[in-house]
Amino acid sequence: MKYFILTVLFIILPPVIAWGQDWVVPEERKGRLSTFPFTDETRQSGEKLYLTNCISCHGNPGKGNYINLVPSPGDPATEKIQRNSDGEIFYKLSVGRGQMPSFRNVLTGDEIWHVVSYLRSFNKNYVQKVMQIITSSAYPGAVIMMTVGFNEADSTVIVRASAVDEQKTVPVTGAEVRLFARRYFGMMVIDEEKTTSESGTAVFKIPAGLPGDKEGNIHFSAKFADEDLFGIVSKDTTLMAGEITVPVSLLAERSMWNNVRKAPIWVILTYTIGVIGVWGFIFLIMMKLRDIYIIGSFIQGKKSSEAI
Amino acid sequence: MAKEKQEKSNEKPDLDKVVEESRRDFIRRLSIAGAVSVTGAAALYSGHSFEKAKHSKGMVRVLTEDNRLVEIPADQIKDLKPDIKALKARGKEGLQGKRWVMVIDLSRCRNARKCVEACQSAHHLRPYEYHINTLVMKESVNTPEYFMPKPCQHCDNPPCVSVCPVDATYKRQDGIVLIDNERCIGCRFCMAACPYSARMFHWQEPSQAENDKEKVYDVELNVPQKKGTISKCLFSADRIREGLLPYCVSACPNGVFYFGDENEDAVTNGTTKETVMLSELLQKNAGYRLQVELGTNPRVYYLPPKNRLFEFERGPEKEYREETI
Amino acid sequence: MNEIRFSSPKEQGKLDSVASDVLRNVRISKAFIIWIGFLFLALAACLYAYIIQLKEGLGVTGLRDYTSWGMYIANFVFFVATSLVGMLISSVLGLIGYNWVKPISRIAEIIAIAFAAVAGLVIISDMGRPDRFPFLFRFGRIQSPILWDVTVVTTYLVLSLLLWYFPLIPDLAISKNRLHGRPSFLIKVYELLSLRWEHHESQYRILKQAMRILLILIIPTAFAIHTVTSWLFAVTPRTGWDSTIFGPYFLSGAFVSGTAAVIIAMYFFRVNYKLEKYLTPFHFEKMGRVLILVSIVYIYFNLNEFLVPGYKLKTGDAIHLRELFTGHYAMLFWGVQLVGLVIPVILLLIKQMRRPMPMMIISVFVLAASWLKRYIIVVPGQGHPNLPIQNVPVEWVVYKPTLIETAVTIASILLVLIIITILSKLFPVIPIWEIAEDDHDKEKLSGNE
Numbered sequence: 001m002k003y004f005i006l007t008v009l010f011i012i013l014p015p016v017i018a019w020g021q022d023w024v025v026p027e028e029r030k031g032r033l034s035t036f037p038f039t040d041e042t043r044q045s046g047e048k049l050y051l052t053n054c055i056s057c058h059g060n061p062g063k064g065n066y067i068n069l070v071p072s073p074g075d076p077a078t079e080k081i082q083r084n085s086d087g088e089i090f091y092k093l094s095v096g097r098g099q100m101p102s103f104r105n106v107l108t109g110d111e112i113w114h115v116v117s118y119l120r121s122f123n124k125n126y127v128q129k130v131m132q133i134i135t136s137s138a139y140p141g142a143v144i145m146m147t148v149g150f151n152e153a154d155s156t157v158i159v160r161a162s163a164v165d166e167q168k169t170v171p172v173t174g175a176e177v178r179l180f181a182r183r184y185f186g187m188m189v190i191d192e193e194k195t196t197s198e199s200g201t202a203v204f205k206i207p208a209g210l211p212g213d214k215e216g217n218i219h220f221s222a223k224f225a226d227e228d229l230f231g232i233v234s235k236d237t238t239l240m241a242g243e244i245t246v247p248v249s250l251l252a253e254r255s256m257w258n259n260v261r262k263a264p265i266w267v268i269l270t271y272t273i274g275v276i277g278v279w280g281f282i283f284l285i286m287m288k289l290r291d292i293y294i295i296g297s298f299i300q301g302k303k304s305s306e307a308i
Numbered sequence: 001m002a003k004e005k006q007e008k009s010n011e012k013p014d015l016d017k018v019v020e021e022s023r024r025d026f027i028r029r030l031s032i033a034g035a036v037s038v039t040g041a042a043a044l045y046s047g048h049s050f051e052k053a054k055h056s057k058g059m060v061r062v063l064t065e066d067n068r069l070v071e072i073p074a075d076q077i078k079d080l081k082p083d084i085k086a087l088k089a090r091g092k093e094g095l096q097g098k099r100w101v102m103v104i105d106l107s108r109c110r111n112a113r114k115c116v117e118a119c120q121s122a123h124h125l126r127p128y129e130y131h132i133n134t135l136v137m138k139e140s141v142n143t144p145e146y147f148m149p150k151p152c153q154h155c156d157n158p159p160c161v162s163v164c165p166v167d168a169t170y171k172r173q174d175g176i177v178l179i180d181n182e183r184c185i186g187c188r189f190c191m192a193a194c195p196y197s198a199r200m201f202h203w204q205e206p207s208q209a210e211n212d213k214e215k216v217y218d219v220e221l222n223v224p225q226k227k228g229t230i231s232k233c234l235f236s237a238d239r240i241r242e243g244l245l246p247y248c249v250s251a252c253p254n255g256v257f258y259f260g261d262e263n264e265d266a267v268t269n270g271t272t273k274e275t276v277m278l279s280e281l282l283q284k285n286a287g288y289r290l291q292v293e294l295g296t297n298p299r300v301y302y303l304p305p306k307n308r309l310f311e312f313e314r315g316p317e318k319e320y321r322e323e324t325i
Numbered sequence: 001m002n003e004i005r006f007s008s009p010k011e012q013g014k015l016d017s018v019a020s021d022v023l024r025n026v027r028i029s030k031a032f033i034i035w036i037g038f039l040f041l042a043l044a045a046c047l048y049a050y051i052i053q054l055k056e057g058l059g060v061t062g063l064r065d066y067t068s069w070g071m072y073i074a075n076f077v078f079f080v081a082t083s084l085v086g087m088l089i090s091s092v093l094g095l096i097g098y099n100w101v102k103p104i105s106r107i108a109e110i111i112a113i114a115f116a117a118v119a120g121l122v123i124i125s126d127m128g129r130p131d132r133f134p135f136l137f138r139f140g141r142i143q144s145p146i147l148w149d150v151t152v153v154t155t156y157l158v159l160s161l162l163l164w165y166f167p168l169i170p171d172l173a174i175s176k177n178r179l180h181g182r183p184s185f186l187i188k189v190y191e192l193l194s195l196r197w198e199h200h201e202s203q204y205r206i207l208k209q210a211m212r213i214l215l216i217l218i219i220p221t222a223f224a225i226h227t228v229t230s231w232l233f234a235v236t237p238r239t240g241w242d243s244t245i246f247g248p249y250f251l252s253g254a255f256v257s258g259t260a261a262v263i264i265a266m267y268f269f270r271v272n273y274k275l276e277k278y279l280t281p282f283h284f285e286k287m288g289r290v291l292i293l294v295s296i297v298y299i300y301f302n303l304n305e306f307l308v309p310g311y312k313l314k315t316g317d318a319i320h321l322r323e324l325f326t327g328h329y330a331m332l333f334w335g336v337q338l339v340g341l342v343i344p345v346i347l348l349l350i351k352q353m354r355r356p357m358p359m360m361i362i363s364v365f366v367l368a369a370s371w372l373k374r375y376i377i378v379v380p381g382q383g384h385p386n387l388p389i390q391n392v393p394v395e396w397v398v399y400k401p402t403l404i405e406t407a408v409t410i411a412s413i414l415l416v417l418i419i420i421t422i423l424s425k426l427f428p429v430i431p432i433w434e435i436a437e438d439d440h441d442k443e444k445l446s447g448n449e
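Taken in sequence, the protein lines are chains A, B and C.
Just so we're aligned, residue 1 is where the first sequence starts under our numbering, counting upward by one.
Just so we're aligned, residue 1 is where the second sequence starts under our numbering, counting upward by one.
Just so we're aligned, residue 1 is where the third sequence starts under our numbering, counting upward by one.
With a Cα cut of at most 30 Å, we get these calculated DSS-like pairs of lysine-lysine:
no., chain 1, residue 1, chain 2, residue 2
1, C, Lys286, C, Lys425
2, A, Lys63, A, Lys48
3, A, Lys214, B, Lys92
4, A, Lys302, C, Lys10
5, C, Lys55, B, Lys227
6, A, Lys30, A, Lys92
Under 10 Å between C-beta atoms, here's a sample of chain A residues computed to sit facing chain C:
no., residue
7, Met256
8, Ile268
9, Val278
10, Leu284
11, Met286
12, Lys288
13, Ile295
In short, the hints are calculated from the structure, not lab data.
Remember, predicted model here, so these are calculated numbers, not experimental data.
All C-beta atoms in this analysis are idealised placements derived from N, C-alpha and C, irrespective of residue type, glycine included.
Construct the entire structure; sequences and hints are all you get.
Set out below in structure tokens:
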């Protein structure tokens with residue numbers, strides 16, 4: 001149902017916003033900076049992510065080959081988009097609007113920054129400012145940490161958030177946390193958004209039968225929903241929380257549609273026996289032609305010797 | 001494995017230990033963060049000027065196979081053709097451990113036909129040559145009309161593959177039914193056998209045959225297309241391999257398509273990029289498959305056109321003209 | 001020269017008269033040259049159409065994505081069907097002990113060879129990539145009915161050739177010394193193919209033994225060839241083809257078209273080759289009865305094929321049957337069923353109609369209807385797939401054969417005529433020794449009484 005409402009919003013909102021004005025980013029988000037410097041590595045990673053997630057609408061940056069939608073997706077290499085601050089771009093990628101998807105469900109915070117770093121490589125005048133440390137307005141001076149564990153007994157994943165500074169570690173309470181499982185094409189939301197308890201924990205119910213890999217491992221990622229209060233903190237962990245899934249090749253069994261080597265035995269037998277049988281007889285009959293010829297030769301030979 | 005078990009049974013102390021470790025790690029990081037920001041800015045600037053200098057000397061930046069960006073002198077570039085045998089082999093093999101599945105939400109389709117266009121441009125087809133087609137459906141007199149995108153159903157019991165005399169069309173371990181148009185003899189038995197009319201034939205020279213002449217044939221893209229052979233939807237096998245959603249799925253502006261791996265019980269919406277549980281999606285929306293009575297076992301699921309987001313509007317009838325043969 | 005099996009002067013005289021009657025036609029006459037010249041010329045003209053198709057692709061035909069099998073496949077099915085008569089006449093009737101089939105059996109075999117041989121070529125003309133035909137042997141998938149079809153058509157062709165050739169050996173030996181004034185290459189061919197036949201008892205023994213094996217072997221092969229051809233359709237989950245009785249339905253239909261073809265050929269040889277003595281009204285009368293029998297069996301299968309789905313009217317079947325009974329194909333459908341099947345049976349029940357001339361005319365109708373019947377089996381069902389035909393050019397919706405594919409189809413028919421002409425003009429069309437032997441046995445029997 002949640003997806004449904006979200007989608008309804010996505011689809012109803014665009015015209016409304018399109019009539020309106022520019023895409024306004026909340027003031028407090030505009031100034032956000034990446035915590036790491038953009039390097040070739042981040043740009044490459046960003047490019048890869050861009051090719052996966054963005055190119056279908058925005059085209060190749062600088063080429064202007066974006067698709068025609070209302071509102072227009074635009075070419076990210078243009079001045080119009082590049083004059084956004086890092087924080088604004090990050091916000092727009094994360095939250096989305098109208099037909100622009102919300103990528104915070106798909107990419108991790110770092111990954112979104114990688115995309116920003118790739119987009120910035122098309123701006124010659126760009127000089128990056130790096131945020132020095134991860135800050136949290138709720139726990140000033142402390143760094144927020146998360147741990148993620150699996151409780152097999154009731155099939156839950158427990159996320160524990162703590163604020164750490166040099167003196168002490170305190171649980172982060174009342175923070176909204178979301179948990180994702182990594183799937184082939186993106187991050188899947190597990191359970192719903194949870195608020196951390198007094199002890200700083202949030203408990204997520206793993207849906208029954210959620211498939212893991214051959215050992216039942218699932219790659220989880222926990223994130224704070226309110227990144228302003230708690231900073232951009234995410235924790236990636238692999239846990240044995242899933243159903244053990246041993247993939248069986250669809251080609252395992254013999255069938256009519258499988259390749260020749262996997263043909264049903266009865267087809268192979270019937271065909272082979274039939275062909276060998278009939279052609280065996282044909283061969284026999286051909287041999288009889290030879291017999292006729294030999295007999296004829298013999299008689300003719302006798303006749304001619306008699307004539308002599 | 002043993003360690004993981006331990007973590008579960010003895011969770012709390014372990015969590016504390018992790019926190020302890022991260023704190024030490026944090027303090028280490030804190031001390032270098034300042035240095036990084038300064039050196040980072042410096043490196044960025046110098047890197048920028050360095051690149052400028054290099055470009056002027058006839059150097060070219062190239063992305064290597066393992067995704068490293070390197071620079072080499074422009075005069076040392078040699079054009080390499082991708083190995084056709086390798087392309088064929090991987091096209092035959094498929095992705096291990098995967099079972100691709102598509103879900104089409106009919107309640108969201110408004111016949112934008114962006115899926116069709118994206119597909120036709122990727123596979124070099126004419127406007128009336130389809131790997132995916134959006135149809136106007138009406139089951140019976142009193143039931144409403146609705147739009148239905150129809151790709152190849154990639155059946156698990158594919159009648160088309162059963163009848164192919166030369167193994168030109170085949171099913172892979174990951175469920176995709178592909179075509180090798182360098183093997184196809186053009187007998188069209190597969191077309192006759194397909195109850196979904198999902199296949200097309202190149203009755204004339206494919207539209208971009210001239211441009212594609214030099215291209216190495218990629219069986220996962222089926223480009224270049226060839227006259228006198230079959231073509232059809234491939235679930236964009238070439239894109240999936242790179243972790244990308246199929247062309248049609250990511251081109252849809254209305255969130256109609258989901259695509260994913262049945263083994264992971266997850267499908268990702270091409271428009272919203274949201275990933276949801278396949279089983280739940282099908283259960284909650286009463287997902288169904290086309291013509292199950294035929295026993296073809298399609299890998300494409302449909303969600304019924306209930307609570308539609310759009311009024312059904314036929315739009316202007318488009319006339320398709322065949323290019324002269 | 002004396003043929004040792006016929007020792008008495010009377011028997012020898014009988015043989016001489018049969019041989020001279022039959023061999024009178026074995027010569028390269030002016031008429032033959034004009035006729036074969038015409039055939040080759042027409043063939044060349046039609047093959048030009050095929051060259052256009054090779055160059056431009058199958059788009060020059062009326063075939064498109066929805067109706068992707070049309071005239072070529074219908075023609076292929078017709079050819080395979082007609083070729084089955086070789087088995088029916090020589091084998092089934094022969095093995096039952098009907099001696100009257102002897103003068104007809106070689107005509108039936110010639111028809112079988114011609115149609116089976118050209119059927120293989122027809123299927124190639126339908127291929128989008130005929131250059132890849134050898135792939136069938138290199139990469140053949142044992143699960144595909146096409147592979148089975150290629151196998152059985154080849155086998156059937158070889159068996160038919162053997163069945164034509166074996167009884168011809170003694171005839172070649174009898175004839176080779178009687179071909180004065182014929183081109184020397186022909187005499188050489190006779191000499192070569194007669195395999196030093198000396199009319200020796202042991203040679204006859206081997207010959208008869210081989211014939212018996214062949215006659216038995218060809219029955220399952222012939223059943224296989226047409227059943228497999230029907231499976232090309234029946235194994236698909238398509239409306240109109242998705243039928244369990246397609247095998248026997250096709251098989252019974254095959255006997256109808258084959259019998260009609262043989263009757264036409266009989267009439268032609270009787271009149272043109274002056275073989276009234278051998279292809280008598282008696283033989284026509286018998287063949288008329290055969291045609292009635294096979295037609296009734298075929299009507300019975302038609303009843304099954306249409307009544308059962310027509311009773312239930314499942315969605316797809318209802319549309320399909322409406323198209324046939326009252327829709328786009330109604331004229332064709334009722335024409336074929338009535339003019340090509342029901343009316344001929346009724347007419348043939350009248351004794352006067354079983355005389356050569358009326359029989360031939362009826363057979364022409366039956367044969368033409370047989371061809372159209374294959375068209376009705378192949379084409380209409382594809383026009384109504386399970387999912388609607390939309391967003392395509394109008395030409396794609398209803399299949400209309402083009403001039404080019406008609407020309408290519410005519411080419412295949414010309415090719416059949418060429419093969420029949422060559423085989424019947426250069427070799428004895430009536431088995432000489434078998435006829436003589438038959439009379440010889442009859443005389444023996446009457447002598448004993």
